[in-house]
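The listed protein sequences correspond, in order, to chains A and B. Here the first sequence is numbered in the numbering used here, starting from 1 and rising by one per residue. Here the second sequence is numbered in the numbering used here, starting from 1 and rising by one per residue.
Because the hints were derived from the structure by calculation, they are not lab data. Ideal Cβ positions, reconstructed from N, Cα and C, are used throughout, including at glycine. Possibly wrong hints are sitting among the right ones.
[Claimed, not checked] If you anchor each label on the Cβ, the simulated ranges turn out as follows:
id	chain 1	residue 1	chain 2	residue 2	range
1	A	Ala30	B	Leu65	23 to 31 Å
2	B	Thr68	A	Phe430	43 to 51 Å
3	A	Ala420	B	Leu65	51 to 59 Å
4	A	Pro27	B	Asp126	38 to 46 Å
5	B	Thr73	A	Pro693	32 to 40 Å
6	B	Asp163	A	Asp670	56 to 64 Å
7	B	Ala81	A	Asp463	23 to 31 Å
[Claimed, not checked] Reference excerpt, derived from the structure (chain A facing chain B, CB under 10 Å, subset only):
id	residue
8	Ala12
9	Leu14
10	His15
11	Met475
12	Ile648
13	Tyr655
14	Gly660
15	Cys688
16	Ser689
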Amino acid sequence: MSVARPLPHDAAPLHVSGKARYVDDQPMPADTLHLAFGLSTIAKGRITAMDLARVRAAPGVVAVLTADDLPFANDVSPSAHDEPLLSDGTVHYLGQALFLVAATSHLAARKAARLGDITYEEETPILTIDQAMEAGSRFEDGPVIWSKGDAPAAIAKAARTLSGVLEMGGQEHFYLEGQAALALPAENGDVTVISSTQHPTEIQHKVAEAIGKPMHAVRVESRRMGGGFGGKESQGNALAVSCAVVALATGRPCKMRYDRDDDMTITGKRHDARIDYTVGFDDDGRIQGIEFVQMIRCGWSMDLSLPVADRAMLHADNAYLLPNARIESHRLKTNTQSATAYRGFGGPQGMIGMERVMDHIAHALQMDPVEVRKRNYYAPADTAVPDRTTPYGQEVEDFILHEMTDALLETSDYSARKQAVAEWNAQNRFVKKGIAFAPVKFGISFTLTHLNQAGALVHVYQDGSVQLNHGGTEMGQGLNQKVAQVAASRFGIAMDHVRITATDTGKVPNTSATAASSGSDLNGMAVKVACDTIRDRMAGYLAETHQADPATVVFADDTVTVGAATYSFAEAAALCYHGRVPLSSTGFYKTPKIEWDRVKGQGRPFYYFAYGAAVTEVAVDVLTGENRILRTDILHDAGTSLNPALDIGQVEGAYVQGAGWLTTEELVWDARGALRTHAPSTYKIPACSDRPPVFNVALWDAPNREDTIYRSKAVGEPPFMLGISAFLALGDAVASCGTDYPSLDAPATAERIWHAVRRVADV
Amino acid sequence: MSLSISLSINGAARDIVLDDVRVTLLDLLRERLALPGTKKGCDRGQCGACTVLVNGQRVNSCLTLAATLDGATVTTIEGLAQGDRLHPVQQAFLEHDGFQCGYCTPGQIMSAVGLIAEGHAGDDADRIREGMSGNLCRCSAYRGITEAVQDATRRMTAQAAEDAA
Ligand code: FES
Ligand code: FES
Chain A
1 MSVARPLPHD AAPLHVSGKA RYVDDQPMPA DTLHLAFGLS TIAKGRITAM
51 DLARVRAAPG VVAVLTADDL PFANDVSPSA HDEPLLSDGT VHYLGQALFL
101 VAATSHLAAR KAARLGDITY EEETPILTID QAMEAGSRFE DGPVIWSKGD
151 APAAIAKAAR TLSGVLEMGG QEHFYLEGQA ALALPAENGD VTVISSTQHP
201 TEIQHKVAEA IGKPMHAVRV ESRRMGGGFG GKESQGNALA VSCAVVALAT
251 GRPCKMRYDR DDDMTITGKR HDARIDYTVG FDDDGRIQGI EFVQMIRCGW
301 SMDLSLPVAD RAMLHADNAY LLPNARIESH RLKTNTQSAT AYRGFGGPQG
351 MIGMERVMDH IAHALQMDPV EVRKRNYYAP ADTAVPDRTT PYGQEVEDFI
401 LHEMTDALLE TSDYSARKQA VAEWNAQNRF VKKGIAFAPV KFGISFTLTH
451 LNQAGALVHV YQDGSVQLNH GGTEMGQGLN QKVAQVAASR FGIAMDHVRI
501 TATDTGKVPN TSATAASSGS DLNGMAVKVA CDTIRDRMAG YLAETHQADP
551 ATVVFADDTV TVGAATYSFA EAAALCYHGR VPLSSTGFYK TPKIEWDRVK
601 GQGRPFYYFA YGAAVTEVAV DVLTGENRIL RTDILHDAGT SLNPALDIGQ
651 VEGAYVQGAG WLTTEELVWD ARGALRTHAP STYKIPACSD RPPVFNVALW
701 DAPNREDTIY RSKAVGEPPF MLGISAFLAL GDAVASCGTD YPSLDAPATA
751 ERIWHAVRRV ADV
Chain B
1 MSLSISLSIN GAARDIVLDD VRVTLLDLLR ERLALPGTKK GCDRGQCGAC
51 TVLVNGQRVN SCLTLAATLD GATVTTIEGL AQGDRLHPVQ QAFLEHDGFQ
101 CGYCTPGQIM SAVGLIAEGH AGDDADRIRE GMSGNLCRCS AYRGITEAVQ
151 DATRRMTAQA AEDAA
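With the rest of the complex left out, here is chain A (with noise of 0.2 Å):
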């Protein structure tokens, strides 16, 4: 069997020789334009006039085109029909897209954009949380809330009651290989792109409505991107539009990608937001009631938002039964980049909250927050309580953080480190340790219910080789390397037959986004649906030239075996050929048991949860809120995996970004709107040396409860959130040098950290 097994990247060896073509890689026609916006420079306004008499004089310069001159739809928006493609006169951001340039080269096209003469009635930008709330601007008409039980009453009742706020950051994807797309024009006004995008379906449909064509008209294909991260899920729209527009307009061939600066100026990141708490507990730790009132600025367009705001609220309770909660969640319209999908999309804003007050309670308490946590979780899977539902009436089944919890506190030696970090700090005044554990429980599903399906196309050919397609793209995460596995498993043979192609709309039409850690969950399935098919029209004409039951024909070792017989399975593919046996085989999957009410907050939204536990150890030298993390201890479920090498890279590397996320990475707009963190100089993603030099990380292998592929779970997103414990672990290490609660905010950069230090000592 090929699945569950670490086998490398499916193009492995085409990266260590720089083979593996990426976009902007792609060789290209002579004629072929390239294309640059040009960007705004206020937050918010209007175009009075727009002069672009210097940019068309540019040298190079072949076509500028402004909103005027778009043929049909002016809109690049997954969603709300909100996200003009060019400037419609109104100016919602600094970085905006005014106008575009194509000339003769990318240099070109950039130099003139930068030509433009504009001129603007500018209006004072809402940038804020705190300027958007007073301002009540805002996606739909007010807040939205969920509930379960009564928590003010739960809270007024309480033996203990504390309140707080956390901020929290945004965050840049920083994908390696920039937003990048071509389009080629094909006969019948037809058009061909090539996009680094998650959502290729998106694209064609973005690019149908601009080119005021059906969708049958546009073909798209993505190879691999070079990283993604939710960041290709909707920001890739703006360019293969415009690439698709002038190469129709021109007849010629079309390239864009933005250059890092412009990158980090013009495309969403994720959301930042503030999360205030009140709770009602006892004095054991056990949280009576609760209520959340999380404000998300979502920038000018809705973008995403609105399903990221509710993947937040939908984690509010992280791993813990809340008795009574109450979760209010404001969506604020800001004068800033469209805050996008980002791994995790919301869950991480929302389970931060959670795990703020969970530390914050043992603070209050005095009690070892491991200990408070234990006390709060969902009670195990198949035992008799009366209550293990989450906020929104979800059961929550297969709850196994509490054998997970007590196997890494004993793999981590936690109890003796977290002894031997008091100690240290007791000793030393100047460097201060802290140690913590933060648990993981992440729902799996999208939760606009309709996107949970997914198709395959599998082809096998007379001599044996098997080529697949499925609507999965593929940025790292070995998705086609796993897939590929399921289809090797499926036909017995090994995975040098097997060949998966680059996604593309024409093979796999009506795809969803690669997108919530779905990935190899939805496409495994389908990709096992269409094999399964094939083998089953295999093993009938087999047996039936054989006189055999076709369920005893066997598929394994490279061989099928009917009844005395054994051929290869080459061989078993050209008799089927002979005997006209379709080869080839579309597969669908749509997840099972999903409903969910998102207006009323009640439902099943997510068909399982994935689970983790993280504890992380750091150091802070307190004199300049410098820090470091020393060792990092993980347990993560994957369910059965499919690839346990990739499983891990998953973890490590979620991990790390996570980590990144609360501490280095921090976006700086000034008060006009611009951003001033646009380049990796001003903005610290994690380098090698960032890495935990001590970092373990294993798999919770057991099998998924439900009926996954080869019960695997998915596995792209939840470990992001093993990062909080870092975080936590920051915050214990400040609250060691006072007595009150550090309430240190995200990201937590030495400099807050210092402050945070300032605040809580007691001298």
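Following the hints, put chain B with the ligands in place on chain A, whose structure we already have.
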């Protein structure tokens, strides 16, 4: 103004007329010489995706003006393998799965080749992490990267000892 330079790229002598004297080595490789294996991550010397070897030293090709390279020897990821035989560093990245999306990989590998040649890090994991910290990997495949560099260092040292004997 144009300028001609002669240099060796991946073992082949090239005479190149630069129409724009400000062109970087990175753009020259990617856009003129059809060598897109070297990647552009930031174009300002901050991510390492564009790392190549110039006269055996690792440099950020996005910060290197092609005009300064008359007479130089340039090695890119495309020139590392000997025919079908991968360089030991490439082999080690393959075996340790030192990547996810692969976009930083050519730069990581070239940087590792340079680091090993510098000889300061040896197979010490901490030093390797420091020595490789100019090459960002957003997927954080840092475990595989570090292990690959360690492993390749050991193999190359053993090979060198064998060759010397
Ligand atoms: S592209 Fe040269 S260092 Fe980033
Ligand atoms: S493998 Fe994706 S950036 Fe390194």
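A quick look at each hint next to the structure:
The hint said 23 to 31 Å for the Cβ distance between Ala30 (chain A) and Leu65 (chain B), and at roughly 25 Å that hint holds. Between Thr68 (chain B) and Phe430 (chain A) the C-beta distance comes to about 46 Å, which sits within the given range of 43 to 51 Å. Distance hint for Ala420 (chain A) and Leu65 (chain B): a CB-CB separation of about 53 Å, consistent with the stated range 51 to 59 Å. Between Pro27 (chain A) and Asp126 (chain B) the Cβ separation comes to about 42 Å, which falls inside the hinted range of 38 to 46 Å.
A hinted range of 32 to 40 Å holds for the C-beta pair Thr73 (chain B) and Pro693 (chain A), which are about 36 Å apart. For Asp163 (chain B) and Asp670 (chain A), the hinted distance range of 56 to 64 Å is satisfied, since their beta carbons lie about 58 Å from each other. The hinted window of 23 to 31 Å between Ala81 (chain B) and Asp463 (chain A) holds, with their beta carbons roughly 29 Å apart. Checking Ala12 (chain A) against chain B: minimum C-beta separation of about 5 Å stays under 10 Å; hint holds.
Against a cut-off of 10 Å between C-beta atoms, the interface hint on Leu14 (chain A) holds, since the closest Cβ of chain B lies about 8 Å away. At a threshold of 10 Å, the smallest CB-CB gap from His15 (chain A) to chain B is about 4 Å, leaving the interface hint in force. Hint on Met475 (chain A) holds. Least Cβ distance to chain B is approximately 6 Å, under the 10 Å limit. Interface restraint check for Ile648 (chain A): the shortest CB-CB distance to chain B comes to about 8 Å, inside 10 Å, so the restraint holds.
Because the smallest distance between the Cβ of Tyr655 (chain A) and any Cβ of chain B comes to about 8 Å, under 10 Å, the interface hint for this residue holds. Because the beta carbon of Gly660 (chain A) sits about 8 Å from the nearest beta carbon in chain B, less than 10 Å, this interface hint is met. This hint holds: Cys688 (chain A) has a C-beta 4 Å from the nearest C-beta of chain B, less than the 10 Å allowed. The criterion of a C-beta within 10 Å of any C-beta in chain B is met by Ser689 (chain A), whose closest approach is roughly 4 Å, and the hint holds.
No hint from the list above goes unmet by this structure.
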